[in-house]
Each structure stands twice: as C-alpha cells, then as structure tokens.
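What follows is the residue order along each chain.
Protein chains: 2
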Amino acid sequence: MSADVPARVVLRDVGPRDGLQNEPPVPTAAKVELIEALGGTGLTEIEAVSYVHPRAIPQMADAAEVWATVAPRPEVRYSALVPNLVGARRALEAGFTDIEVVVSASRTHNLRNINRTPEESLAAIAEVIDLAHADGARCQVIVATAFGCPYEGEIPEDQVVGYAVRAVRAGADSICFGDTTGMGSPPRVRRLVGGFRDREPDHELALHLHDTRGTGMANLVAGLELGVERFDASVGGLGGCPYAPGASGNIATEEAVYLLHELGVETGVDLDHLLEVAATAERLVGRELPSRLLKAGPRTRLSPL
Amino acid sequence: MSADVPARVVLRDVGPRDGLQNEPPVPTAAKVELIEALGGTGLTEIEAVSYVHPRAIPQMADAAEVWATVAPRPEVRYSALVPNLVGARRALEAGFTDIEVVVSASRTHNLRNINRTPEESLAAIAEVIDLAHADGARCQVIVATAFGCPYEGEIPEDQVVGYAVRAVRAGADSICFGDTTGMGSPPRVRRLVGGFRDREPDHELALHLHDTRGTGMANLVAGLELGVERFDASVGGLGGCPYAPGASGNIATEEAVYLLHELGVETGVDLDHLLEVAATAERLVGRELPSRLLKAGPRTRLSPL
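Protein sequences, first through last, are from chains Y and G.
Position one of the first sequence corresponds to residue 231 (this note's numbering), numbered consecutively onward.
Position one of the second sequence corresponds to residue 231 (this note's numbering), numbered consecutively onward.
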C-alpha cells in the first residue's frame, strides 16, 4: 500500500437519499427507520433527504416530514441535497447544517437535468453557498459525471477539475467527485484526484463512487492510496443506475467498511451492526439488494462443521 | 500503478467447469455451446470440464461427452480438473494436454472434501503430475482455501506457501492460489504472492479469485501490481459460493477484462463479444448472473439523447 493511505476514513451513507431516490417509493416511516438505524452503526455522516421538487423526484416529496420525524444523534452529521436556493432555504430552515449542491461536469448532462449550462449552475451555486454560510452551515459541491457522462462519454479531467476549482473559489467547503453512472476506473481516479490536488492541495475532497461496472472497490482503493479520506456509499448498495435499468448504483457501505477494515483502515463502523441495517434496507425496499457481502456475511462468519 | 504491472495478462475462463459445477445442472449441449462460444472471444484458456465421480458432482457427469462434442480451437488451451489418478487418466485419454489438481491448504477443508490430509493429497498429486508429464501434458496444482477456510477461518500464509512449494518440488508446472470462498483481500494477496515469490521467484503463478464479499477486483489489482500474469474468472460470474447460498463465486470474466483494459493491460479478449457470451451464459442457466457489467454494458455504450 502507498504511504499515503489514511489511518481512518469517513464514510457517508447516502442510502436514504441517493439510494431511495433510485428505488420505487417507500413510506415515510421506512425512511425514518433507515436513517435512525444507520445512525446507530457508528457511521458519522448520513445523507438524509433532498429538498427537490416533488414533480422532479416524487421519492423525496416527504423530505420535510422525514426530517421532522427523525430523532437525530449528536454524533452524526446529517446532510440534505438541494437543487437551488429555494431548496437550500427549506433545508436550512429545517435545521440542516450540511447541505450539498450538484453541478454536472458534462454540459449535456447538466442541460438535460436542469436546463442550465454548468456555468449557470455554478453561478447559482455561489448564491447557495453564501446562503449556507450566512446561516452557519457548510456546503459541499458535488461535481457529477466527473468520471464520464452517459451522453457525452469522456469528460476531460481538466474540465472536471476546472469546475471543482471554481466551486472552491465560490466558497465550497468540500468538493465531491461523483461517478454518477459508474464510469470510473483507477487511472481516472488518479488523474482526477491528482489534478484537483495540484490546484487545491489542502481542500476537503470526497469521492462518490458507483459500482455499476464492477470497478467500485478498485476505485476506492485507488482513492485511498492517494490519501482521500472521505467516501460516499449506500447501505446494501441501495439505489441503482438511472441510465441502465437493473444495473447497480452506489458502492455498498458494508462492502466498503469490510474492505477498509481488511486494509487496516479504521471507519468507526460496527460491521455486524451495519449488515443488520443492510438487511433492514432490503426488507424496506422489498427487493434483493446488490451487496455481495450482505449475502455472504463477513469472512469471520464460519460454516458449521 | 506499480512498475511491476504486466503489459498483458492471461485470463482463464472457468465458467464451464467451476461455474456450472455450482449451478443447477444444464444439458450437455448447453455446456458445449458455452465452451465453443467462449473460444471465439479471444480468450486463450478455458477450463472445460472436470473428470470427477458423478456421485460427487452430478453437474459434471457428462464431461466425456461434452469434450467429445466440442470443436476445439487451435489457439485455445483447454484444461480439465481431475480429482485423482483415475480422473487424470480419463482426461489424458480424452486428449487434454492441461490438467489441474487441487489440494486444500486447510486440513479440515481437505478432510471434509476428500477424506485425506493435505499431505496425503500432495502424495497423490505427485503421481498425477508424473502421469501427466509421461503423457506430455502440463499439470497445475490449485491450492484451495489459500485465503481462508470456511471452517477454520485463518490459514497461515506460510502453511499455504509451504504446500505450494511442495507441489512445485513434486513437478507442478503451475501453481494457482484459490480463494475458494471469497475470503481474500489485497493484504492477503500481497502476503501470499510475496511469500511464494520469495521461495519460487520464477515459477508460473495464477490467482483464482472470487467476489463473494466484493473484494474480487481489488484483489485482482493487488495481484497485478505484484506482476501476477494469470487470473481465473468466470463468464457472467457464473457459479456461486457453495458455503453461502445465493452468494457470488468467481469474479466475472468480462468485469476483469473491462477493468484490465481500463488499466491499460491487454487481455486479447473482445469485450463486446464476451458480453454477448455472458448473456448466452445467463440464458443457458436461466437465472440472473451476478456480473454488474453484463447489466450496465461497458462505459463506451452511451445513452441515447
């Protein structure tokens, strides 16, 4: 292993938001149950909801109700994804102290998603960041399609890094490179993380990895070996790829925890407990989730003789 | 990437044998179809059948008929797994020039599987190797449970390496460390490959990796960075883990090819063609296979605007 491998990483579980957003709708109570269960596993960051328009994403229409019902834990940082100033106001008024906004590095993807160019999105994001800061909250900018676009294909790394740096200049507290449709590979991780570090060596950086093509864990190791300390993952591998029906989405949190612990990297997460929550997530959405570890159990779970 | 990463690796598809052995039985014609289809993808090694007793593994009862029906390609090396001298004679008489034998590094696992200690297995293996060599054939020794045992748990690396070195002394042309139940992780790959290379720096070495716990691709990269040039994989991720019902088994060949190509490592395999064969494999066994890439397609397959 590289000498840069951190001794400890922070995993943010995005299952309640990014995961459930790509599943058939579940009841409000199920979302609350999932968020509260995840908070008991040792995870210190949970992406809880998004304040998006219910016409755009009906799965998140009850965000306010979910968040009003959850009993938050003091040791967990909960975040909300917001699409714009209106959503940001709602999130901040609901008490969130961590919000996330998205800009796609692919012009085509950004235009199709929100009918804005990435430049127009970045201008709006600057206002969201100012609003968050005025409220004493933190704002992370997620650069989506950072590893490739389902429409355009390759997105040059300097274009991706360029948008990330502009977000930093606009005040983003954290940058997250999102592998929206699972097009990442270890060399792309190295070029992207390296390119950003060259420009912003000390800025907080996270990776949001998907396992749509089986490269998720190899990408995680590549990021880790570059010293990346923050990764998104989704309990059970909850969620899917919106561009490939039936395909996997986020890396599974328990698989990330298992691999990190095998690598000697601390996460603070109780793996057995998290596996129970993954089983709960599977029950809540009523379908078999893609996590392999959920089926097999950790290597310490031996067969009876 | 480490400077040791080879420019090209050999993938052996073990789907027709190791894969189908862990699926409900399929007709002889389906096995022939799969073997012949794999031979057209650019793969140069295929584990075709095993000559085991039909009471032990009914899925392979028609091995002789399968192999008599397949039209072999001159550019492909086909191998057969054999459990003992009787099986080895059958394989060699059928014309195989590559055979494989197995010894488990776990005493408990070996005793439960074939009622022999690993030492007794190694003595028998020496006779199989001699028989193969007398026939001008090659013999690979697969050291199973090399990364851990479903009954014993940890198997000390020096014990695993010790059996591998004894197999080399007995004339094994190639050693393959088998992650029988998917307990491998990158540090274990490094300790095992490093330990073997310390004793046998120039001997042919292969890794047989499973993805039962989501670590398969990270383990592949770890092996690659140590210069390992031979990996087993199974088209579609065909097969499962016999110790965890419903769990994944072998790494999927197309996911290995995809990742290797992304890493700039040649395989000689036509990925699109292999994905077609993976779809065929899925049809032949009549269940959804675990390969993620099979569902999503390669990153070059873009969405329509």
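Any given hint could turn out to be false.
Given that identical chains are not distinguished, each listed pair holds provided it fits within a single copy or across any two copies.
Unchecked claim - Capping the alpha-carbon separation at 25 angstroms, the derived lysine to any residue pairs in SDA-like fashion look like this:
hint, residue 1, residue 2
1, K525, R319
2, K525, E512
3, K525, A267
4, K525, T338
5, K525, I287
6, K525, L456
7, K525, A509
8, K525, P284
9, K525, R307
10, K525, R342
11, K525, N345
12, K525, E492
13, K525, P475
14, K525, A356
15, K525, P417
16, K525, N343
17, K525, Y381
18, K525, H491
19, K525, G383
20, K525, E266
Simulated from the structure, these hints should not be mistaken for lab results.
Please read these numbers as outputs of a predicted model, since none were measured by experiment.
Outcome of the hint check:
For the homomeric pair K525 and R319, neither the shortest alpha-carbon distance inside one copy (41 angstroms) nor that between copies (39 angstroms) is at most 25 angstroms. Taking CA atoms no more than 25 angstroms apart as the test, K525 paired with E512 passes in both settings, with 11 angstroms inside one copy and 20 angstroms between copies. When the C-alpha separation of K525 and A267 is checked against a cutoff of 25 angstroms, the pair qualifies only within one copy, where the shortest distance is 19 angstroms, while the shortest distance between copies is 30 angstroms. Taking the shortest alpha-carbon separations for K525 and T338, only the inter-copy value of 24 angstroms comes in at or below 25 angstroms, while the best intra-copy value is 38 angstroms.
Taking CA atoms no more than 25 angstroms apart as the test, K525 paired with I287 passes between copies only; the shortest distance there is 24 angstroms, against 30 angstroms inside one copy. With identical chains, the CA atoms of K525 and L456 are never at most 25 angstroms apart, being 31 angstroms at best within one copy and 30 angstroms at best between copies. Within a single copy, K525 and A509 get their C-alpha atoms as close as 9 angstroms, and across copies as close as 23 angstroms, so both meet the 25 angstroms cut-off. Proximity of K525 and P284 under a CA criterion of 25 angstroms is satisfied in neither setting, with 34 angstroms inside one chain copy and 29 angstroms between copies.
In the homo-oligomer, the alpha carbons of K525 and R307 never lie at most 25 angstroms apart, since the shortest distance is 29 angstroms inside one protomer and 34 angstroms across protomers. Taking the shortest alpha-carbon separations for K525 and R342, only the inter-copy value of 24 angstroms comes in at or below 25 angstroms, while the best intra-copy value is 37 angstroms. In this homomeric assembly, K525 and N345 never come within 25 angstroms of each other (Cα to Cα): the closest approach is 41 angstroms inside a single copy and 29 angstroms across copies. In this assembly of identical chains, the alpha carbons of K525 and E492 lie at most 25 angstroms apart only when taken from the same copy (18 angstroms versus 28 angstroms across copies).
For the homomeric pair K525 and P475, the shortest alpha-carbon distances inside one copy (22 angstroms) and between copies (8 angstroms) are both at most 25 angstroms. Taking the closest pair of Cα atoms, K525 and A356 never come within 25 angstroms of each other, the shortest separation being 44 angstroms inside a single copy and 38 angstroms across copies. Only between protomers do K525 and P417 lie at most 25 angstroms apart by alpha-carbon distance; the minimum there is 23 angstroms, versus 30 angstroms within a single protomer. Taking CA atoms no more than 25 angstroms apart as the test, K525 paired with N343 passes between copies only; the shortest distance there is 23 angstroms, against 35 angstroms inside one copy.
Taking the shortest alpha-carbon separations for K525 and Y381, only the inter-copy value of 18 angstroms comes in at or below 25 angstroms, while the best intra-copy value is 34 angstroms. Within a single copy, K525 and H491 get their C-alpha atoms as close as 18 angstroms, which meets the 25 angstroms cut-off; across copies the closest is 29 angstroms, which misses it. Taking the shortest Cα distances, K525 and G383 sit within 25 angstroms of each other only across copies (18 angstroms), while inside one copy they are farther apart (33 angstroms). Proximity of K525 and E266 under a CA criterion of 25 angstroms is satisfied intra-copy only: 23 angstroms inside one chain copy versus 32 angstroms between copies.
Of the numbered hints listed earlier, those contradicted by the structure are 1, 6, 8, 9, 11, 14.
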